[in-house]
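Here is how the chains run, residue by residue.
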Amino acid sequence: MKILVGIKRVVDYNVRIRVLPDGSGVDTDGVKMSVNPFDEIALEEALRIKEAGNAEEVIVISVGGDECQQQLRTGLAMGADRAIQVQTSEPLQPLSVARAFLKIVEREDPGLVILGKQAIDDDNSQTAQMLAALWDRPQATFASKLELNGSSASVTREVDAGLETIEVDLPAVISVDLRMNEPRFVKLPDIMKAKRKPLEVISLDDLDVTVDGQLGISQFTPPPQREKGIMVDDASQLLQELKNRGLL
Amino acid sequence: MSRILIIAEHDGATLNISTSKCVTCAQAIGGDIDILVMGQGIDAVAAEAAALDSVSRVLAVNAEHLAAPLAVNLAAEVVGLSADYTHLVGPSTTFGRDLMPRVAALCGVNQISDIMEVSSAESFKRPVYAGNAIVQAEPANGTKVVATVRTASWKAAGSGGSASIEQRGASGSAAAHTRYVGLSSEGGERPDLQSAPKVVSGGRALASEENFELIYKLADKLGAGVGASRAAVDAGYCPNDMQVGQTGKIISPDLYIAFGISGAIQHVTGIKDAGTIVAVNKDPEAPIFEIADIGLVGDLFNVIPEIESQLG
Ligand SMILES: Cc1cc2nc3c(=O)[nH]c(=O)nc-3n(C[C@H](O)[C@H](O)[C@H](O)COP(=O)(O)OP(=O)(O)OC[C@H]3O[C@@H](n4cnc5c(N)ncnc54)[C@H](O)[C@@H]3O)c2cc1C
Numbered sequence: 001m002k003i004l005v006g007i008k009r010v011v012d013y014n015v016r017i018r019v020l021p022d023g024s025g026v027d028t029d030g031v032k033m034s035v036n037p038f039d040e041i042a043l044e045e046a047l048r049i050k051e052a053g054n055a056e057e058v059i060v061i062s063v064g065g066d067e068c069q070q071q072l073r074t075g076l077a078m079g080a081d082r083a084i085q086v087q088t089s090e091p092l093q094p095l096s097v098a099r100a101f102l103k104i105v106e107r108e109d110p111g112l113v114i115l116g117k118q119a120i121d122d123d124n125s126q127t128a129q130m131l132a133a134l135w136d137r138p139q140a141t142f143a144s145k146l147e148l149n150g151s152s153a154s155v156t157r158e159v160d161a162g163l164e165t166i167e168v169d170l171p172a173v174i175s176v177d178l179r180m181n182e183p184r185f186v187k188l189p190d191i192m193k194a195k196r197k198p199l200e201v202i203s204l205d206d207l208d209v210t211v212d213g214q215l216g217i218s219q220f221t222p223p224p225q226r227e228k229g230i231m232v233d234d235a236s237q238l239l240q241e242l243k244n245r246g247l248l
Numbered sequence: 001m002s003r004i005l006i007i008a009e010h011d012g013a014t015l016n017i018s019t020s021k022c023v024t025c026a027q028a029i030g031g032d033i034d035i036l037v038m039g040q041g042i043d044a045v046a047a048e049a050a051a052l053d054s055v056s057r058v059l060a061v062n063a064e065h066l067a068a069p070l071a072v073n074l075a076a077e078v079v080g081l082s083a084d085y086t087h088l089v090g091p092s093t094t095f096g097r098d099l100m101p102r103v104a105a106l107c108g109v110n111q112i113s114d115i116m117e118v119s120s121a122e123s124f125k126r127p128v129y130a131g132n133a134i135v136q137a138e139p140a141n142g143t144k145v146v147a148t149v150r151t152a153s154w155k156a157a158g159s160g161g162s163a164s165i166e167q168r169g170a171s172g173s174a175a176a177h178t179r180y181v182g183l184s185s186e187g188g189e190r191p192d193l194q195s196a197p198k199v200v201s202g203g204r205a206l207a208s209e210e211n212f213e214l215i216y217k218l219a220d221k222l223g224a225g226v227g228a229s230r231a232a233v234d235a236g237y238c239p240n241d242m243q244v245g246q247t248g249k250i251i252s253p254d255l256y257i258a259f260g261i262s263g264a265i266q267h268v269t270g271i272k273d274a275g276t277i278v279a280v281n282k283d284p285e286a287p288i289f290e291i292a293d294i295g296l297v298g299d300l301f302n303v304i305p306e307i308e309s310q311l312g
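Protein sequences, first through last, are from chains A and B.
So for the first sequence, this note's numbering puts the first residue at 1; every next one is plus one.
So for the second sequence, this note's numbering puts the first residue at 1; every next one is plus one.
Read the hints as simulated data drawn from the structure, not as lab findings.
This structure is a prediction, so every number in the text was calculated from the model and none was measured.
Check before you lean on any hint, since a few could be wrong.
[As the list claims (entries may be wrong)] Keeping only pairs whose Cα atoms sit at most 30 Å apart, straight-line, the calculated DSS-like set for lysine-lysine is:
no., chain 1, residue 1, chain 2, residue 2
1, A, Lys187, A, Lys197
2, A, Lys228, B, Lys155
3, B, Lys221, A, Lys228
[Unchecked claim] With the C-beta cut set under 8 Å, the calculated list includes, among others, these residues of chain A facing chain B:
no., residue
4, Val26
5, Asn124
6, Glu158
7, Leu178
8, Phe220
[Unchecked claim] Take a look, some chain A residues computed to stay more than 10 Å from chain B by CB distance:
no., residue
9, Met1
10, Gly53
11, Gln70
12, Asp109
13, Arg184
14, Lys187
15, Pro189
16, Leu207
The beta carbon of each residue, even a glycine, is placed where N, CA and C say it ideally should be.
Could you put together the complete structure from these sequences and hints?
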């Protein structure tokens, strides 16, 4: 079985975001870029499945400009066997990304597609569900545990009410949550090895993906700031303050 | 005029408050509002939905294969009804976030996630980058709006309405490839985190599951719900459904009290809409003090017992 893992290049989660004064976006100039943390977890899970002897090949895929090759190389250094870049200079939204993934899915015929549950830039949380819909296959979102049983998988999902378990037949699309695993660290020799692993570049046009229905996204603004608070010295002052505000 | 269909969230017995918040958002969009209730044995839930203010009709689809909230089965029903509507709206809870993108893809549109403000029937504000930027999102020309509503941004609708309830047959059938096994919930008797007016929350500083009892005890005394940071959940001090933040729950209680939480942006984005934020942390430089309305520098292991003894 092959496993396909999506990798998105995003502003690193430690960076304090600054909105550009003209409202056209956020400042990414000289800002550290990384693999979306959820995608690292997705890749880690795929690698563990392969290491347990339940998959032959792990393929990482990213849709974006050539700069995303950096993140694909990180994926290869973590242990993916090969990488595919679907090349486009346009920032694509989830539906178009799902359509591009579907084209690759049709070509590669994976048993599992594992994606992050959301990307920490757009916070959309859509791509996995959309791919599953277009592919007409099961979706198991927000997964914290994945157990393969031959041609099906038992998935534990983190939902608002607790932990839900569902069973899905393969092939299926999984979106992973934070507690699925802890991704491995990349070691220097692996980075060297990754340089020799295959990275295929396919243009979005060659895949014949329709890009339509993109939302208009404009007017980036910083969020409203909360007013500066006060400091109290001890528990009794705190309770007094809460009483004064009618909160106790 | 807009015709809005809200997809109801419920547990089979009662309507989730997220649905009522979707109604308030739909009122801001303006137009005709219908609610779709799918499940098995859902008469009581449908009646609750019909009582929400400014709802025209409740469509009740009662079928065995809709008893469990599997997105694949629910999406087929929503899409079957979608032709009559300009807007399909669900909550940004895990229920809605699982279901609505599947619906959007089948309708051939991108989804507008987490509506926090309605500018017009076709223009919405939503947060990106863990709430560190807000953008204006608009559907492509003439396309259907499929959206989730950021529940923390909206108040619950009143329930003085009396919409009609129409029974509809299911248009789809059970997808054989996906099977529901079950839900394990540690929820218990405490107020629901997402709707509790008061929330007491604990972070990594609690240092053990036993110590986290301090948080539960204080919460019970205050009649509050209980939240946690990711670090506390990851370390196993408390269950996952308590996580507050970018990748947990986004909440808006009147009062949020954080003990031993540093205030990482991923956490803070989950509490920005709280009325009053109280932070207790032994580090005066902790970033949580930048957003706290009331800060107290101190050791939580001293402060919590002091609060309790003074509450009597
Ligand atoms: C992709 C991604 C998503 C994330 N999503 C979330 C999310 O949804 N929610 C979330 O919370 N985090 C999330 N995080 C994690 C986040 O970045 C922080 O790591 C986390 O919030 C830290 O939790 P904490 O404040 O409990 O722990 P710490 O940052 O370790 O802070 C502990 C605090 O306790 C204080 N302290 C220690 N002892 C005491 C004492 N005795 N009395 C009083 N104070 C004390 C310390 O001064 C410190 O400020 C996410 C991270 C990533 C990368």
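A quick look at each hint next to the structure:
{"no.": "1", "hint": "A:Lys187 to A:Lys197", "in the structure": "holds (16 Å)"}
{"no.": "2", "hint": "A:Lys228 to B:Lys155", "in the structure": "holds (25 Å)"}
{"no.": "3", "hint": "B:Lys221 to A:Lys228", "in the structure": "holds (28 Å)"}
{"no.": "4", "hint": "Val26", "in the structure": "holds (6 Å)"}
{"no.": "5", "hint": "Asn124", "in the structure": "holds (5 Å)"}
{"no.": "6", "hint": "Glu158", "in the structure": "holds (5 Å)"}
{"no.": "7", "hint": "Leu178", "in the structure": "holds (6 Å)"}
{"no.": "8", "hint": "Phe220", "in the structure": "holds (5 Å)"}
{"no.": "9", "hint": "Met1", "in the structure": "holds (16 Å)"}
{"no.": "10", "hint": "Gly53", "in the structure": "holds (24 Å)"}
{"no.": "11", "hint": "Gln70", "in the structure": "holds (20 Å)"}
{"no.": "12", "hint": "Asp109", "in the structure": "holds (16 Å)"}
{"no.": "13", "hint": "Arg184", "in the structure": "holds (17 Å)"}
{"no.": "14", "hint": "Lys187", "in the structure": "holds (24 Å)"}
{"no.": "15", "hint": "Pro189", "in the structure": "holds (29 Å)"}
{"no.": "16", "hint": "Leu207", "in the structure": "holds (17 Å)"}
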